[in-house]
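Residue numbers (the numbering used here), protein chains in the order written: chain A, 1 to 384; chain B, 1001 to 1347; chain C, 2001 to 2287; chain D, 3001 to 3255; chain E, 4001 to 4237.
One thing to keep in mind: the hints can contain errors.
[Claimed, not checked] Okay, derived cross-link-like pairs now, DSS-like style, lysine-lysine, Cα gap no bigger than 27 Å in a straight line: (1) C:K2186 - E:K4065; (2) D:K3147 - B:K1312; (3) A:K168 - A:K187; (4) A:K300 - C:K2186; (5) A:K196 - B:K1130; (6) A:K192 - A:K248; (7) C:K2186 - E:K4110; (8) D:K3216 - E:K4054; (9) B:K1312 - E:K4054; (10) A:K220 - A:K167; (11) B:K1078 - A:K134; (12) B:K1130 - A:K134; (13) E:K4182 - C:K2186; (14) D:K3246 - B:K1207; (15) E:K4206 - E:K4066; (16) C:K2159 - E:K4109; (17) A:K187 - B:K1154; (18) E:K4182 - D:K3246; (19) A:K185 - B:K1130.
Everything labelled a hint here was simulated from the structure, so no lab data went into it.
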Amino acid sequence: ACNSTEKKPANTKPAAGGGESKTEEAGTVNIGYTGPLSGPAAFYGERTLNGIKMAAEEINGEGGFEVGGKKFKLNIVSLDDKYLPNEAGANAKRLIQENKTPIIFTPHSGGVFALQVFNQQDKFLIGAYTSEPKVSEVGNELTVRIPPRYDGYLKPFTDYEMEKFGKKIAFLPTASQYGKDWSEKLKAHWEKEGGKVVFNSSIDFAKETDFFTIVTNALKEKPDVLFIGGASEPTAKVAKQARELGFKGGFIVMDQAKVDEMKAVTGSYDLMNGSIGVMPLSESKNSPAIPDFVKKYKEKYGETPGSEAGLNYIGMYIFVEAMKAAGSVDDAEKIQAKMQDGVSNIPDNVRIYQFNKFTGGGFDGELEVAAIEDGKVVPIKVAK
Amino acid sequence: MVKVLNKRNIIIALIVFSAVFPLLTENNYLIHIMTSSFIWMIGVYGLNLLAGYTGYLSLAHAGFFAIGAYSLGILTVKAHLNFWLAFLLSLVITGLLGLLVGLISLRTKEHFFAIYTLCLGYIIYLVIDKWEGLTEGVRGLIGIPAPTGIGPIKFETEVSHYYLVLFFLLLVVLIMYRIVHSLSGRTYIAIRNSEDLAQTIGISTMKNKLTVFVLSTLFAGLAGALYASFVRFIGPDIGSISITFDLLTYLLVGGIGTLSGPLVGTLIIVWLSQYLQDFQENRMLIFGPVLTLLIIFYPRGLVGAVSAWNTKRIAKKEQRLSHNTTRIKGEPFIESEIIPDKKVKEG
Amino acid sequence: MEILIQQLFNGLTIGSVYALVALGLTLVYGILHIPNFAHGALYMMGGYITLTMMTKFGLHYWLAIFVSIIIVGLIGVLMERFVFHPLREAPPIHDKIAAIGILLFLEAFAQFFWGDEYQSMPTPYGQVVQIMGLTFTMQRILIVVAALVVMILLYLFLKKTFTGATIIAMSQNREGANLVGVNTNKVAMLTFMISGGLAAIAASLSAPINLVFPGMGQLVILKAFVIIILGGMGSIPGAIVGGYILGFSESLGATYISNDYKDIIAFVLLVIILTVKPTGLFSKGGH
Amino acid sequence: MIFLETRNLTKRFGGLVAVNNVDFTIEQGKINAIIGPNGAGKSTFFNLISGFHRPSSGQVIFKGQDISTLPSNKIAELGVARTFQTTNLFEQSTVLDNVIVGHRLRTKSNLADAIFRTPRLKREEAQCREKAMEVLEFVELNNVSDKLVGSLTQEEKKRTAFALALATDPEIVFLDEPAAGVNPDETDGLAELINKMVDKGITVCLIEHKMQMIMKIADKIMVLNYGEKIAEGLPEEIRNNETVIKAYLGGSAIA
Amino acid sequence: MPLLSLKNVSVKYGSFTAVHDVNIQVNQGEIVVLLGSNGAGKSTTFRTISGLSKPSIGEIHFEGKKVNRRSADQIVHLGIGQCPEGRKLFPAMTVHENLRMGAYVLRRKKDEIKHLFDHVYDLFPILNEKRNDAAGSLSGGQQQMLAIGRALMSKPKLMLLDEPSVGLAPLIVEQMFAVIQKINQEGTTILLAEQNANAALKIADKGYVFENGSIVLEGTSEELFANDEVRKAYIGA
Ligand SMILES: Nc1ncnc2c1ncn2[C@@H]1O[C@H](COP(=O)(O)OP(=O)(O)OP(=O)(O)O)[C@@H](O)[C@H]1O
Ligand SMILES: Nc1ncnc2c1ncn2[C@@H]1O[C@H](COP(=O)(O)OP(=O)(O)OP(=O)(O)O)[C@@H](O)[C@H]1O
Ligand SMILES: CC(C)C[C@H](N)C(=O)O
Ligand SMILES: [Mg+2]
Ligand SMILES: [Mg+2]
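Bound conformation, chain A alone (with noise of 0.2 Å):
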């Protein structure tokens, strides 16, 4: 199988701009990428694609990159599934079909374990999205997850805010499995370190119209803390609801959710002093190749980018890198192979987040962790 095409495919369209009278010399390698495009989640999915044309724009733009001395550019194919695994899978079989893709993008655990059903069997990698651990634990070599885990998060968290408020937290997280998943650690986490769950609920924002009730509920057990998390901005209406009930805690807000995001909606930071969450991409000082980023972003979007559209920004340029020292474009087993140099090699300029290594099939990396303190964003050392 060659994936390298010297001519684009008739029904996609590069994603750069590039000079297409150059790619003479040039071939292209398709990427692919399904998701949510239409439907609930659609914001959530056009995000986590922006940051992968994003990237690939880029390299494109520089000329592409050279593998095995030829030039190389960039083609993203995405695929709308609406979110729903079986049309994940059948857009993955029509990108290796028609497209050759060696690698494609999904951004939902669902798609991830419909494509793990045949991605060895028909060797392309997976840019997993999702920070579900079972696709790393069922032994999928091809599967390569994007998202740093979370459990790091738990320490700085809970150290904060039960210093600052107390013991007792009650969770409000989001419904998705995600969300669950972290309430199942954090309150291991907590309740070791002597604390209380008062209160454990879930909300699910697709069926939701309004928090009262459930942030009544919540607040009737007298919490000192709130959980609360998912996409950022209903979670910003829980914290405003609560406040608005009386609640004068903290909250631990769930690094799906970005306080920048947030604050769109609740107003100000005031609202949502006492918070502690991930340091928002825009925010974070730590690394000089951000605000960059988030200017070029503003400026093709229009909006601040957030993690969805940074981490998939930064796994497209690793594959790249990866591309580069396996000395292939489509031989999927030997691209995973080099994932450590992709993560190592990751060029100083788009160094958005600080990954070191390639581990259990994942990406890990430092955490940056942010509070909210008079209505500033303040960064929060995280002891290692």
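Assemble the complex: chain A is given as a structure, and chains B, C, D and E with the ligands must be docked to it using the hints.
Here is chains B, C, D and E with the ligands on its own, set in the frame of chain A:
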């Protein structure tokens, strides 16, 4: 006579085509899509049997589809049963639940039945979503095995799976054909046309409706079980209302209450949406209106449109032969004058 | 005790929104016998239009709502004219599918036009009010009161005006109404206008406490269907009572039984009621 | 044994007593007629006997068996057939198809028979078709058997309704205003048909406002008024019954 | 000038011509009857006059104005009321509310409506008795009276009555025709479709006989009454 021959020819042609289809293409993707359309077709036949022939529109069928899929998934993944035993049991489970749901829901009629089953379908979905101990909740069931081989036949490859699903589809079509062309089929159509009258000529409408309901849920469950072993991962979303809407759309585009409607409708929509993929998220801007227009202009689906066109042509021929003695009615669904009167009386 | 009262109020708030959505749905069903699956999309459009009016054109909240009522009402009218009117002789399933087509279109349209991200609607009534240890926000009080006012107005309109009587007459026999001189097309359009307007009001009132996004209609539409079938399809008091029943059963169910299963509670409640009374609480016998 | 009788049959709709304590016996092999002003409860009376409504009190006894609480399909199986006042047929099917299902209750084949195409199914299908042809011949409709019911004339519809009732192999048929909306010429034809049914051994009970016809063919007439039986007897007696004339027939009744 | 005239009117349902090339004239103050067996096209003709169906060919004039493109509600406003086949009542509304709906075109004239109520209740005392009952719970005959009453409530200049005697008791039929005559004497022109030719011709001025969608015979009541074929087909020996 000509019409029957036509219909039969079309069916035979379709069967032949589907039998050689994998030989015509190397493209696994095409086979994959074809296989999944076959699975949907089976589900659509379930809906067609009930809605098309007894007039009861069930909006719970995605629920039964999911029950079939989850039964198979749970029995294989969690209880480690032999695949075919689990397959059989999943049909039994779907049938039994269908019986239960039928018993309560068939007491309602028309729109009530539709919305009642809509709610029942939603309950099924919620139960799957919430009952984590059994279904793994939103995480979904991973690692559902492919069908184990029967003797020398293995079902590991895309192509062999294709033939397995095709086999079940043909079985369903055969069953449908026989039902529709039997006394039972007439009985169901009688119930669709007027339940009160059917009852007074001695037909136990409840018993008949229940039989059909259970059989139609069985079709949905069969489709679900095949789906589970085909995609090998299932999540609660396969029980969501949008799946029912999809099935319904396939049915109506093809032609409700027709034998070949489910085949035609599913094939067209599934392939069309694959090709509209290039429009990405904006394809619904086209697909939505197209669907609506189709329903307005071809109320009996494509199959209905073709057969109406046929009758018209034949009628024209006859008219030419024997001047204007033939009376052709408009669309058959135009209510006769008698029906509104009845409505007045019964309030 | 305090919790109970607080939750009753929460149930009342959410029930008011449900009732308004369900009213529009039941009105169209009662008069034109169309279960309008696209009603949730109208609700969504209502949210977006009010939001756009406020943020893009700087209109005041109430003025924005007014514009939204008019525009969504007109969308309703267009739906009636171009889709349901041509389908009025078709079997009932066709209405449903056509409505699904509209639903798909409107959601794709919103995504295309407004983007797919969550947006929040500012409200001039963000104040928090504490009364005897209970928390209310002005917006929530507004929802409850406004819903009540709208329902009373609708009731008076239907029962006390000739036009209202016309609407009811038409719900019972379209041709009969035509033959006493009623322009049934106009009434059908009026019905859709009112229905769309109600959806716009409901969305505009509730959006400030939730968010505006393309899928927001799906949050309420299924529940609205539960409500109208619970109340007896086409029954106006049924939709109102059903809306509040569902609102209360959600808030109390979440409090005293289980938050995770509260939706199931509502739906099981429905199944039980319909099993006992297959045509709903307020149906007038027969069909 | 009395063929069919009602004892103290009563039906209330809310506050209204539509049928009030009616005792009536139907004589086998005869034409029994029920007349009465509009709203007297005639159709309701039929609905009670055929199991369409449940009596509020009282019984319906058919050949010694109390059938008052049986569902209508069971009553049909026992040999009681009926037609509706507003001709109620399967509008979208052909005449033949309408009538074929009429014999369904005498068949046993089920879904499994259909799926496996058993000999029993084939036999019964033939049997139903034969029956249908037979009754269509009987009501003289064999020439329109392929037409859609929706396209028939009123009179043909009435005859189809008769055929449908006859296809159930009834011992007794209840006809609700069989001649309504049918012109005098055709009314005579229908009367003839009713006579023919009786000749075949089927008991007939009918409701009719067409006095000319009733007086000519009925063996016995019951008169209902406000749900109560106000008279019963031979046509001659009814014709001259003061109460009946006052309540129903009026002056120039027999025009 | 005739009050109503149909000129070469044909009506189609789909491709089937239900009414073919019909010419009818109704003069002010007359009772005109349309005879014909079932399916002959009487109701279709009525529906067409009322604007519920549209003629495929031909013209309809009312008071000299061409009306065949008007909608059903406009026709009522012009002064043509119909008591339709199947009655088309509002079953869940009370008798009184049904009648009030009948006065829809006069809805701004409160006094007149009150007057009309009295008039209708006068004609049909039973309706007064049942004024608060739902129309759907009335017996067939009562519903028929209500349908006529409702049509009267719009004070039509021309009233179309489609088989008002269907399924009615003889006593009631008699009353019904008496009422029709009375309505006519009060100044309403009447076009009546009937199977019951005997009773109809007795009160009518002239009639038309329909067969298979065409008019096969027309004449004064006397002429038709004397016609053998009419006697045989519609009156009975
Ligand atoms: N389902 C019902 N609910 C309430 N009232 C009813 C119902 N069916 C009939 N009635 C009432 O019962 C009475 C008897 O009605 P029924 O139809 O039996 O009269 P009928 O003798 O057949 O009259 P007609 O000759 O006009 O058909 C009427 O007053 C009618 O309004
Ligand atoms: N909606 C319709 N669609 C198709 N054909 C129709 C429709 N309505 C009536 N017809 C046909 O048109 C013809 C004329 O019917 P119409 O109702 O006008 O007759 P009629 O003289 O009023 O008869 P009746 O005495 O039964 O009322 C009949 O053949 C009838 O079957
Ligand atoms: C207008 C209709 C929907 C009225 C409804 N039947 C009610 O109960 O008032
Ligand atoms: Mg009757
Ligand atoms: Mg007629």
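So, going through the hints one by one against the coordinates:
For a cut-off of 27 Å, the pair hint linking C:K2186 to E:K4065 stands: about 24 Å separates their Cα positions. Of the supplied pair hints, the one linking D:K3147 and B:K1312 holds, its CA atoms being roughly 16 Å apart against a limit of 27 Å. With a C-alpha separation of about 11 Å, the suggested pair A:K168 and A:K187 falls inside the 27 Å cut-off, and the hint holds. Simply put, A:K300 and C:K2186 have alpha-carbon atoms about 48 Å apart, too far for the 27 Å limit, and the pair is violated.
About 25 Å separates the Cα atoms of A:K196 and B:K1130, which keeps this hinted pair within 27 Å; it holds. In summary, the hint linking A:K192 to A:K248 is supported, as the alpha carbons are separated by about 24 Å, within the 27 Å threshold. Between C:K2186 and E:K4110 the CA atoms are separated by roughly 23 Å; this keeps the pair inside 27 Å, and the hint holds. Our distance criterion of 27 Å between C-alpha atoms is broken by D:K3216 and E:K4054, whose separation comes to about 44 Å.
Of the pairs offered as hints, the one joining B:K1312 and E:K4054 holds, with about 23 Å between alpha carbons and a cut-off of 27 Å not exceeded. In summary, the hint linking A:K220 to A:K167 is supported, as the alpha carbons are separated by about 16 Å, within the 27 Å threshold. With a CA separation close to 16 Å, the supplied pair B:K1078 and A:K134 stays within the 27 Å bound. With a CA separation close to 19 Å, the supplied pair B:K1130 and A:K134 stays within the 27 Å bound.
A distance of roughly 35 Å separates the Cα atoms of E:K4182 and C:K2186; the hinted pair therefore is violated under the 27 Å criterion. Distance restraint check for D:K3246 and B:K1207: the Cα-Cα separation of roughly 48 Å exceeds the 27 Å cut-off, and the hinted pair is therefore not satisfied. Restraint check: the Cα-Cα separation between E:K4206 and E:K4066 comes to about 23 Å, which is no more than 27 Å; the hinted pair holds. Note on C:K2159 and E:K4109: the hinted pairing holds, with a Cα-Cα distance of about 19 Å set against a maximum of 27 Å.
Restraint check for A:K187 and B:K1154: the C-alpha separation of about 46 Å exceeds 27 Å, so the hint is violated. Taking the CA atoms of E:K4182 and D:K3246, the gap is near 22 Å; set against the 27 Å cutoff, the hint holds. This hinted pair checks out: A:K185 and B:K1130 have alpha carbons roughly 20 Å apart, not beyond 27 Å.
Hints 4, 8, 13, 14 and 17 from the earlier list are contradicted by this structure; the remaining hints agree with it.
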